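Given only the sequences and the hints, what does the whole structure look like? Please build it.
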Amino acid sequence: MSFYDGIKELSSYIRKSQEPTFGEFTMVHSANIAKWSIGFCSFEPNQLYSIWYQRFGSHIKENNKVFAKAKYDDDTWKAISQMSVSLHKAKLESQVQQAKNLRTNTAILMNNSRHDVTMNLSMYWIGKYRESPIDRQIYIQMITLCPSILEPMNPTGAIDFIQSQNGSHAKTEKMSCKGSSPSTLTRRHT
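Under UniProt numbering, the residue at position 106 of the sequence shown is numbered 106, and the numbers go up by one with no gaps.
Rather than coming from a laboratory, the hints here were simulated on the basis of the structure. From a predicted model like this one, the values you see are computed outputs, not experimental measurements. Treat the hints with care, as some may be off.
What the hints assert, rightly or not - Straight-line Cα separation of at most 27 Å, DSSO-like style, residue types lysine-lysine; simulated pairs:
#: 1; residue 1: 100; residue 2: 8
#: 2; residue 1: 35; residue 2: 78
#: 3; residue 1: 89; residue 2: 65
#: 4; residue 1: 100; residue 2: 71
#: 5; residue 1: 16; residue 2: 71
#: 6; residue 1: 61; residue 2: 16
#: 7; residue 1: 65; residue 2: 100
#: 8; residue 1: 8; residue 2: 61
#: 9; residue 1: 100; residue 2: 89
#: 10; residue 1: 71; residue 2: 35
#: 11; residue 1: 78; residue 2: 89
#: 12; residue 1: 8; residue 2: 71
#: 13; residue 1: 91; residue 2: 35
#: 14; residue 1: 71; residue 2: 91
#: 15; residue 1: 8; residue 2: 89
#: 16; residue 1: 91; residue 2: 8
#: 17; residue 1: 78; residue 2: 91
#: 18; residue 1: 65; residue 2: 8
#: 19; residue 1: 8; residue 2: 78
#: 20; residue 1: 35; residue 2: 61
#: 21; residue 1: 69; residue 2: 16
#: 22; residue 1: 89; residue 2: 16
#: 23; residue 1: 61; residue 2: 71
#: 24; residue 1: 100; residue 2: 35
What the hints assert, rightly or not - Listed next, with one range per pair, are the computed distances between beta-carbon atoms:
#: 25; residue 1: 105; residue 2: 67; range: 51 to 61 Å
#: 26; residue 1: 69; residue 2: 104; range: 50 to 60 Å
#: 27; residue 1: 104; residue 2: 27; range: 42 to 52 Å
#: 28; residue 1: 94; residue 2: 51; range: 19 to 29 Å
#: 29; residue 1: 11; residue 2: 78; range: 23 to 33 Å
#: 30; residue 1: 43; residue 2: 105; range: 13 to 23 Å
C-beta: ideal position from N, C-alpha, C; glycine also.
Encoded structure:
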């Protein structure tokens, strides 16, 4: 016996029914048949009918029931086929949207990771070198030459913090670094 979507419902219907008919099963489970047939959405309605008719017949024989022949109802199977195609398209659109969401979330996560690394590096420099005026100046020069290393956080605040530890007065200037956009930095006025 093969396994496929809808096998439990088909078996249950045949076991519980005194005289199971394919037409009745189709009417009761038409929406489910469309869902179970998503893998066959490229099939013609009559091909879809044949697949389910054969499945129904094999379960009838397994349960020793009488198999009554059924007529093909074109309208019913066209509707089931169209529902199956619509469900398949919705599934694909959902997968595309999930992929887009994953891409967006990954980009946000990567951006936040870069921010955390930059913030940690900056706080390391601020904490480690706030005692030495020479090292503070090196740090300020490093930020002045390439402000993009502090773009995720507030570079002005970081430099103000360093300068407040040194007791210096600051002046605000527009500066740019190769490969980064111009940003306002507070630099120690010498």
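**Hint numbers not upheld by this structure, sorted from lowest to highest** = 1, 3, 4, 7, 14, 22 and 30
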